[in-house]
Amino acid sequence: MNETTPDDIKPALAGSREPAVSVRSLTKRYGEIVAVDAVSFSLEPGTITGFLGPNGAGKTTTLRLLLGLAEPTDGEALVFGRRYRELEHPIRHVGAMLESGDFHPARSGRDHLRALAIAAELPQSRVQEVLDQVELGPAADRRVRTYSLGMRQRLGLAGALLGDPRLLILDEPANGLDPAGMRWLRGFLRRFSEHDGTVLVSSHVLAEVAQTVDQIAIIDRGRLIQTGSLHELTTSSRTLEDVYLELTGREQS
Amino acid sequence: MSALLRAELLKQRTTRTNLGLISIMLGLILFAGLLHSFALTKGVLATRDGQMHVFGWGGLGALFASLAGAISITAEFRYGTIRTTFLVTPRRGQVITAKASASAITGVAFGLAAEAFVIMVGNLGLRARGIPVHVHAGDYAQLLAGGAVAAALWAPIGVGVGALLRNQVATLVGLFAWVLFVEGLLFGLLANASRFLPGLAGAAMAGVTTTGDIRPLLAPALGGLLLAAYAAVVVTAGSIWITHRDIT
Numbered sequence: 001m002n003e004t005t006p007d008d009i010k011p012a013l014a015g016s017r018e019p020a021v022s023v024r025s026l027t028k029r030y031g032e033i034v035a036v037d038a039v040s041f042s043l044e045p046g047t048i049t050g051f052l053g054p055n056g057a058g059k060t061t062t063l064r065l066l067l068g069l070a071e072p073t074d075g076e077a078l079v080f081g082r083r084y085r086e087l088e089h090p091i092r093h094v095g096a097m098l099e100s101g102d103f104h105p106a107r108s109g110r111d112h113l114r115a116l117a118i119a120a121e122l123p124q125s126r127v128q129e130v131l132d133q134v135e136l137g138p139a140a141d142r143r144v145r146t147y148s149l150g151m152r153q154r155l156g157l158a159g160a161l162l163g164d165p166r167l168l169i170l171d172e173p174a175n176g177l178d179p180a181g182m183r184w185l186r187g188f189l190r191r192f193s194e195h196d197g198t199v200l201v202s203s204h205v206l207a208e209v210a211q212t213v214d215q216i217a218i219i220d221r222g223r224l225i226q227t228g229s230l231h232e233l234t235t236s237s238r239t240l241e242d243v244y245l246e247l248t249g250r251e252q253s
Numbered sequence: 001m002s003a004l005l006r007a008e009l010l011k012q013r014t015t016r017t018n019l020g021l022i023s024i025m026l027g028l029i030l031f032a033g034l035l036h037s038f039a040l041t042k043g044v045l046a047t048r049d050g051q052m053h054v055f056g057w058g059g060l061g062a063l064f065a066s067l068a069g070a071i072s073i074t075a076e077f078r079y080g081t082i083r084t085t086f087l088v089t090p091r092r093g094q095v096i097t098a099k100a101s102a103s104a105i106t107g108v109a110f111g112l113a114a115e116a117f118v119i120m121v122g123n124l125g126l127r128a129r130g131i132p133v134h135v136h137a138g139d140y141a142q143l144l145a146g147g148a149v150a151a152a153l154w155a156p157i158g159v160g161v162g163a164l165l166r167n168q169v170a171t172l173v174g175l176f177a178w179v180l181f182v183e184g185l186l187f188g189l190l191a192n193a194s195r196f197l198p199g200l201a202g203a204a205m206a207g208v209t210t211t212g213d214i215r216p217l218l219a220p221a222l223g224g225l226l227l228a229a230y231a232a233v234v235v236t237a238g239s240i241w242i243t244h245r246d247i248t
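As they're listed, the protein sequences go chains A and B.
For the first sequence, the numbering used here begins at 1 and goes up steadily by one.
For the second sequence, the numbering used here begins at 1 and goes up steadily by one.
Treat each hint with caution, since some may be false.
Said to hold, decoys possible - Derived DEER-like restraints, expressed as beta-carbon distance ranges:
{"id": "1", "chain 1": "A", "residue 1": "88", "chain 2": "B", "residue 2": "141", "range": "42 to 52 Å"}
{"id": "2", "chain 1": "B", "residue 1": "222", "chain 2": "A", "residue 2": "164", "range": "48 to 58 Å"}
{"id": "3", "chain 1": "B", "residue 1": "13", "chain 2": "A", "residue 2": "180", "range": "31 to 41 Å"}
{"id": "4", "chain 1": "B", "residue 1": "192", "chain 2": "A", "residue 2": "33", "range": "44 to 54 Å"}
{"id": "5", "chain 1": "B", "residue 1": "23", "chain 2": "A", "residue 2": "105", "range": "18 to 28 Å"}
{"id": "6", "chain 1": "B", "residue 1": "246", "chain 2": "A", "residue 2": "135", "range": "26 to 36 Å"}
{"id": "7", "chain 1": "B", "residue 1": "241", "chain 2": "A", "residue 2": "76", "range": "51 to 61 Å"}
Claimed, not checked - Which chain A residues stay away from chain B? Per the calculated CB distances, all over 12 Å, these:
{"id": "8", "residue": "44"}
{"id": "9", "residue": "183"}
{"id": "10", "residue": "228"}
{"id": "11", "residue": "240"}
{"id": "12", "residue": "249"}
Note that these hints are calculated values from the structure, not bench results.
What you are looking at is a predicted structure, and each value in this text was computed from that prediction instead of being measured.
Quick reminder that beta carbons are idealized off the backbone N, C-alpha and C, glycines included.
Take the sequences, apply the hints, and build the full model.
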């Protein structure tokens, strides 16, 4: 369960249904550095998975490989059984939010979304719908440079939701959110998964993760070192934080 | 394709980058046009070719169109929006083609604005010195048409160079240095071959031949074809390069 699995064994976290995400022996090297080392897991629809690990462990690289922004050195990363770059209109299947700063500072939030909607051939009405959904409100017509970090996170999430996807891939979405924003995000992800949506969310905020996700995958130095449901791994006397720090060996920092 | 083109045009309209570039361009043309109107001797400015030392500055439209094209791609790398752009359209070559097309369209505006403005500035400057203007309607038409086409072709070159270099400062400095410095050096060194350089191929379209030029430029149509070929090569190279790069 907690080792990377050969091809003939059911991959970590797999269920009985066709997976939304399936990663097999995924490896990425940059010269001598192995950023992602033979990682395998797959995610069943309707689940929320916390993707955890120290800084530089390979989380973001794994997400980029999954989204076709980088090419694996070895192995494969599939969404709905296909490589991301081979999907027709990918954002109608997969919504992604990578970094909170990915906006042109001089463009308004609304114009940012309008350009995405046009390029994805989505109706312009979707722009207002997602703006309402993330409660960005009147800020939508201001330039992004005036936004707080929390507002940028909401705009990033609005972009991820634009194509009404079935899979959300979120890199540190809780960064900069205030307590109300955190609660809102938690409720949102819960409803999304109840409607059979799949979520893969990386985070450092373990207390928040523990309240939100069904299962976790922990990566350290490029290797997947633990996977499983939150219930199996934690007890009332052994929190997610305890598990995480034990496994990553960074408690004495 | 047309959806991507519309998306790219919207991106260009929704920042003030192009407005800023046009303002700087017009300021430079005003400065260079007036400087040459007043600093050159009346003897030099007595002929049509001599007056092209003034009216030729409309060629800055092509340079600034290439800068606008370059910024349309390098700003995406600078601010990280390239990630979102490629998530929406993973076929990256299509994005580069759309940017090249959108920039060509805005490039026409740069070219027309530059040439119209230099015609005004040149007329004002020369008349203020009491020099009769020997540049006439046919010349103006060629300045405007040739300047617009040259700028429309230089804009995709900016996109291609931007896709190859990705770094905004390096790209903008590179384009500036090439047009205003390197081609000037090569003009001295390459003799007759220099007219095949992209900058001079563009100048050929606008009909800018100045006194002191011992070597003829290409015919306008040939200059246009050559410049289009340069643009096609650079955009294709940029597309291929970016398609096989990891985006970090």
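Is it correct that the beta-carbon of residue 44 of chain A has no partner in chain B closer than or equal to 12 Å? It holds; residue 44 of chain A is separated from chain B by about 23 Å at its closest Cβ, greater than 12 Å.
Minimum Cβ-Cβ distance from residue 228 of chain A to chain B exceeds 12 Å: 30 Å, holds
Verdict for residue 88 of chain A, residue 141 of chain B (Cβ pair) under range 42 to 52 Å: 47 Å, holds
Whether the CB-CB distance between residue 222 of chain B and residue 164 of chain A falls inside 48 to 58 Å: 52 Å, holds
Is 26 to 36 Å respected by the C-beta to C-beta distance linking residue 246 of chain B and residue 135 of chain A? 35 Å, holds
Between residue 23 of chain B and residue 105 of chain A, is the Cβ distance one that fits in 18 to 28 Å? Given a distance of about 19 Å, which is inside 18 to 28 Å, the answer is holds.
CB of residue 241 of chain B to CB of residue 76 of chain A, is that within 51 to 61 Å? Violated, at about 24 Å.
Say whether it holds or is violated: residue 183 of chain A keeps its Cβ farther than 12 Å from all Cβ of chain B. Given a closest Cβ separation of 26 Å, the condition holds.
Check the following: the C-beta atoms of residue 13 of chain B and residue 180 of chain A are separated by a distance inside 31 to 41 Å. 35 Å, holds
Check the following: the C-beta atoms of residue 192 of chain B and residue 33 of chain A are separated by a distance inside 44 to 54 Å. At roughly 51 Å between Cβ atoms, residue 33 of chain A and residue 192 of chain B fall inside 44 to 54 Å, so the hint holds.
Chain B versus residue 249 of chain A - minimum CB to CB distance exceeding 12 Å, so not interface: The claim holds: residue 249 of chain A sits with its nearest Cβ about 27 Å from chain B, beyond 12 Å.
Outside-interface status for residue 240 of chain A - nearest CB in chain B farther than 12 Å: 29 Å, holds
In the structure shown, a violation is registered for the earlier hint numbered 7 alone.
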